[in-house]
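Protein chains in written order, with the numbering used here: chain A, 42 to 441; chain B, 1296 to 1374.
Fair warning: there could be bad hints in the mix.
[Said to hold, decoys possible] Derived SDA-like pairs (lysine to any residue); straight-line CA-CA distance at most 20 angstroms:
#1 A/K48 - B/A1326
#2 B/K1373 - A/K188
#3 A/K169 - B/L1356
#4 B/K1373 - A/D206
#5 B/K1373 - A/D204
#6 A/K188 - B/S1333
#7 A/K207 - B/A1341
#8 A/K188 - A/T315
#9 A/K188 - B/L1353
#10 A/K207 - B/D1345
#11 B/K1373 - B/D1332
#12 B/K1314 - A/K355
#13 B/K1315 - B/R1298
#14 A/K48 - B/K1314
#15 A/K48 - B/E1360
#16 A/K207 - B/N1342
#17 A/K169 - B/I1355
#18 A/K207 - B/P1352
#19 A/K243 - A/R198
#20 A/K355 - A/P366
#21 B/K1373 - A/G170
#22 B/K1371 - A/G210
#23 A/K207 - B/V1340
#24 B/K1373 - B/E1307
#25 B/K1373 - B/D1345
#26 A/K207 - B/K1373
#27 A/K188 - B/D1358
#28 B/K1371 - A/P213
#29 A/K188 - B/D1332
#30 B/K1373 - A/G210
#31 A/K188 - B/N1354
[Claimed, not checked] Short derived list, chain B residues pointing at chain A, Cβ under 10 angstroms:
#32 D1332
#33 V1340
#34 L1353
#35 T1361
[Stated by the list, open to error] What follows is a list of derived Cβ distance ranges for each label pair:
#36 A/V125 - B/A1320: 45 to 55 angstroms
#37 A/A345 - B/Q1364: 24 to 34 angstroms
#38 A/V71 - B/R1298: 55 to 65 angstroms
#39 A/T365 - B/V1336: 29 to 39 angstroms
#40 A/A439 - B/E1330: 21 to 31 angstroms
Derived by calculation from the structure, the hints in this document are not laboratory data.
All C-beta atoms, glycine included, are put in the ideal place defined by N, C-alpha and C.
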Amino acid sequence: MTDLLSKFDPYIAEHKGLLDTGVNDPFGVVMEQLLSPTRAIINGRETILVGTYNYMGMTFDAEVIAAGQRALAGFGAGSTGSRVLNGTFAPHIAVEQALKDFYGTKSAIVFSTGYQANLGMVSTLAGKGDYIVLDADSHASIYDGCKLGNAETVRFRHNNVEDLDKRLGRLPADAGKLVILEGVYSMLGDVAPLRELVAVAKQHGAMTLVDEAHAMGFFGAHGRGVYEELGLEDEIDFVVGTFSKSVGTVGGFAVSNHPKFEILRLVCNPYRFTASLPPSVAATAEASIRKLMTATEKRRNLWAVSRQLHAGLKAAGFRMATETPESAIIAVLLPDQAGTVAMWHQLLEHGIYCNMSRPPATPAGIFLLRCSLSAAHTAEDVREIVARFAAARDSLPAAA
Amino acid sequence: MDRDATYARLLELIEPFNKKGVALAEETSFANDLELDSLTVMDLVANIEDEWDINMPLNILPDLETVGQLTDAVEKLKG
Ligand SMILES: Cc1ncc(COP(=O)(O)O)c(C=O)c1O
Chain A
42 MTDLLSKFDP
52 YIAEHKGLLD
62 TGVNDPFGVV
72 MEQLLSPTRA
82 IINGRETILV
92 GTYNYMGMTF
102 DAEVIAAGQR
112 ALAGFGAGST
122 GSRVLNGTFA
132 PHIAVEQALK
142 DFYGTKSAIV
152 FSTGYQANLG
162 MVSTLAGKGD
172 YIVLDADSHA
182 SIYDGCKLGN
192 AETVRFRHNN
202 VEDLDKRLGR
212 LPADAGKLVI
222 LEGVYSMLGD
232 VAPLRELVAV
242 AKQHGAMTLV
252 DEAHAMGFFG
262 AHGRGVYEEL
272 GLEDEIDFVV
282 GTFSKSVGTV
292 GGFAVSNHPK
302 FEILRLVCNP
312 YRFTASLPPS
322 VAATAEASIR
332 KLMTATEKRR
342 NLWAVSRQLH
352 AGLKAAGFRM
362 ATETPESAII
372 AVLLPDQAGT
382 VAMWHQLLEH
392 GIYCNMSRPP
402 ATPAGIFLLR
412 CSLSAAHTAE
422 DVREIVARFA
432 AARDSLPAAA
Chain B
1296 MDRDATYARL
1306 LELIEPFNKK
1316 GVALAEETSF
1326 ANDLELDSLT
1336 VMDLVANIED
1346 EWDINMPLNI
1356 LPDLETVGQL
1366 TDAVEKLKG
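Okay, chain A solo, but in the shape it has when bound:
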């Protein structure tokens, strides 16, 4: 018998080698207790969280929790099936209405996660004979959506307008084309030049889908995303998003003004062949989305702490992934894997939880410690985070 898992031996050896150096497991952090959106107990120690996507700090919002509790008591623990086959619950309709109100669109479809929203939208919109043109740094869920579908997939260099133009220009003029972009790219926290990219897509007669997972709630006048901030609401055909970040719960969605959008419910497998969200989760998402519509103070603070952290780390001598703070993801560049793991470990020992990222999740040769801020962070928190980054660096063996 061939052991099917033996193909992963190199990964097993690498991971073991990492742990044998005595560091915490960067891929196995356990939060024993959550004290707030920005504090958890990890390894028995109170830790400042700068490695969650709790951008708007909604996870412990009293009204959000109360809405979930009411739905949990009223509709039970689970949805026990697909909406298409086993029925829709009132909270599913309510959360889709909240999305339509938030985005000002005619339609909204909720999926069980953002990953599935991309799988479903990408694989269903572009079919046999159509073309998908996607940014090389696209999220795994977009790549997997391409694999699930039958379209030809072509990649352009990250955020490169001219490269997109060239690739679109090589496609048959009358073929169906879908250009897939993201507002904020999650590894470096950089923002896409959507206006230019979308203009090129339109010139070539392509439809456009933008994943605004990392921008919801704090880009644009209504918090719709980078596309809103850039005034592109009439240009984008489909917006994909998630409840797992700014909304503070779990779920994914797509919104659109396309008159035929609703048919996707009946033809999209990652929508119809999986269980819908538990009603309590749909209810927490609805409550949170409605609050995000008017969360101007949270939004202001999120930008303030993001800028403060970027400036603070830069002043402390760290190499930043973006020259200026472009989003709520503030990433620090490190030279190699060993140095990144060592620093990440020291940060955790100093009560700071951030994310370690490396290729292939990051672009080639780039090792990162990624911080993501929350509207629940205070200016004092950020001063503490910067101080602990410096202390962690000083405690590295090389510094001694």
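Take the given structure of chain A and dock chain B with the ligand to it, following the hints.
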């Protein structure tokens, strides 16, 4: 003749990614001999696309294991 020229130019495009200094031939395998990871492949593909003004769909990449197979694919895409 055309194929020879394509092959020769491909070797030049691959060379910067040939970190181990492997002698390149028709049968040289990208995964096993050159040990190219997925990100390096991405760069190489983008360079090939620009060289011949073609698109190489991602779907065909898993089938292109050797330099020879890549040459044939480029020849076909050039039309
Ligand atoms: C750009 C992007 N799209 C989609 C997703 C998937 O979202 P979810 O966590 O809801 O599956 C993520 C999150 O990891 C993401 O970063």
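Hints, verified against the model:
1. About 14 angstroms separates the Cα atoms of A/K48 and B/A1326, which keeps this hinted pair within 20 angstroms; it holds.
2. A threshold of 20 angstroms between alpha carbons decides the hint, and for B/K1373 with A/K188 the separation of about 24 angstroms lies outside it, so the pair is violated.
3. For the hint linking A/K169 to B/L1356, the alpha-carbon distance of about 18 angstroms falls within 20 angstroms, and the restraint holds.
4. Between B/K1373 and A/D206, the direct Cα distance comes to roughly 19 angstroms. Compliance with the 20 angstroms bound is thereby established for this hinted pair.
5. A threshold of 20 angstroms between alpha carbons decides the hint, and for B/K1373 with A/D204 the separation of about 18 angstroms falls inside it, so the pair holds.
6. Among the hinted pairs, A/K188 with B/S1333 is consistent with the structure: their alpha-carbon atoms are about 15 angstroms apart, no more than 20 angstroms.
7. Between A/K207 and B/A1341, the direct Cα distance comes to roughly 11 angstroms. Compliance with the 20 angstroms bound is thereby established for this hinted pair.
8. Restraint check for A/K188 and A/T315: satisfied, since their Cα atoms lie roughly 19 angstroms apart, inside the 20 angstroms limit.
9. About 9 angstroms separates the Cα atoms of A/K188 and B/L1353, which keeps this hinted pair within 20 angstroms; it holds.
10. A hinted pair counts as satisfied when its Cα atoms are at most 20 angstroms apart, and A/K207 with B/D1345 qualifies at roughly 9 angstroms.
11. Between B/K1373 and B/D1332, the direct Cα distance comes to roughly 25 angstroms. Violation of the 20 angstroms bound is thereby established for this hinted pair.
12. For the suggested pair B/K1314 and A/K355, the alpha carbons sit about 34 angstroms apart, so the restraint of at most 20 angstroms is broken.
13. About 26 angstroms separates the Cα atoms of B/K1315 and B/R1298, which puts this hinted pair outside 20 angstroms; it is violated.
14. For the proposed pair A/K48 and B/K1314, the alpha carbon gap of about 24 angstroms is over 20 angstroms, so the pair is violated.
15. For the given pair, A/K48 sits about 18 angstroms from B/E1360 by alpha-carbon distance, which is consistent with the 20 angstroms threshold.
16. Note on A/K207 and B/N1342: the hinted pairing holds, with a Cα-Cα distance of about 13 angstroms set against a maximum of 20 angstroms.
17. Taking the CA atoms of A/K169 and B/I1355, the gap is about 15 angstroms. The hint holds against a cut of 20 angstroms.
18. Taking the CA atoms of A/K207 and B/P1352, the gap is about 14 angstroms. The hint holds against a cut of 20 angstroms.
19. Annotation: proposed proximity of A/K243 to A/R198 holds, straight-line Cα distance about 18 angstroms (limit 20 angstroms).
20. With a C-alpha separation of about 11 angstroms, the suggested pair A/K355 and A/P366 falls inside the 20 angstroms cut-off, and the hint holds.
21. Annotation: proposed proximity of B/K1373 to A/G170 holds, straight-line Cα distance about 19 angstroms (limit 20 angstroms).
22. Distance restraint check for B/K1371 and A/G210: the Cα-Cα separation of roughly 18 angstroms lies within the 20 angstroms cut-off, and the hinted pair is therefore satisfied.
23. Restraint check for A/K207 and B/V1340: the C-alpha separation of about 14 angstroms stays at or below 20 angstroms, so the hint holds.
24. About 18 angstroms separates the Cα atoms of B/K1373 and B/E1307, which keeps this hinted pair within 20 angstroms; it holds.
25. The hinted pair formed by B/K1373 and B/D1345 meets the criterion: a straight-line CA distance of about 12 angstroms does not exceed 20 angstroms.
26. With a C-alpha separation of about 15 angstroms, the suggested pairing of A/K207 with B/K1373 holds against the 20 angstroms cut-off.
27. Of the pairs offered as hints, the one joining A/K188 and B/D1358 holds, with about 14 angstroms between alpha carbons and a cut-off of 20 angstroms not exceeded.
28. For the hint pairing B/K1371 with A/P213, the CA-to-CA distance comes to about 16 angstroms; that is within 20 angstroms, so the pair holds.
29. Between the alpha carbons of A/K188 and B/D1332 the distance comes to roughly 19 angstroms, so the proposed pair stays at or under 20 angstroms and holds.
30. Of the pairs offered as hints, the one joining B/K1373 and A/G210 holds, with about 15 angstroms between alpha carbons and a cut-off of 20 angstroms not exceeded.
31. Restraint check for A/K188 and B/N1354: the C-alpha separation of about 8 angstroms stays at or below 20 angstroms, so the hint holds.
32. The beta carbon of B/D1332 is positioned within 10 angstroms of a beta carbon in chain A (closest approach about 7 angstroms), and the interface hint is therefore held.
33. Against a cut-off of 10 angstroms between C-beta atoms, the interface hint on B/V1340 holds, since the closest Cβ of chain A lies about 8 angstroms away.
34. About 4 angstroms separates the beta-carbon of B/L1353 from the nearest beta-carbon of chain A, less than 10 angstroms, and the hint is met.
35. A distance limit of 10 angstroms between C-beta atoms decides the matter here; for B/T1361 the minimum to chain A is near 21 angstroms, and the interface restraint is violated.
36. Checked against the hint of 45 to 55 angstroms, the C-beta distance between A/V125 and B/A1320 comes to roughly 54 angstroms, which is consistent with it.
37. A beta carbon spacing of about 54 angstroms between A/A345 and B/Q1364 contradicts the range 24 to 34 angstroms that was offered as a hint.
38. Restraint check, A/V71 to B/R1298: a C-beta distance of roughly 57 angstroms satisfies the suggested window 55 to 65 angstroms.
39. Checked against the hint of 29 to 39 angstroms, the C-beta distance between A/T365 and B/V1336 comes to roughly 32 angstroms, which is consistent with it.
40. For A/A439 paired with B/E1330, a C-beta distance near 29 angstroms keeps the hint of 21 to 31 angstroms intact.
When the structure is compared with the earlier hints, violations turn up for hints 2, 11, 12, 13, 14, 35, 37 and for no others.
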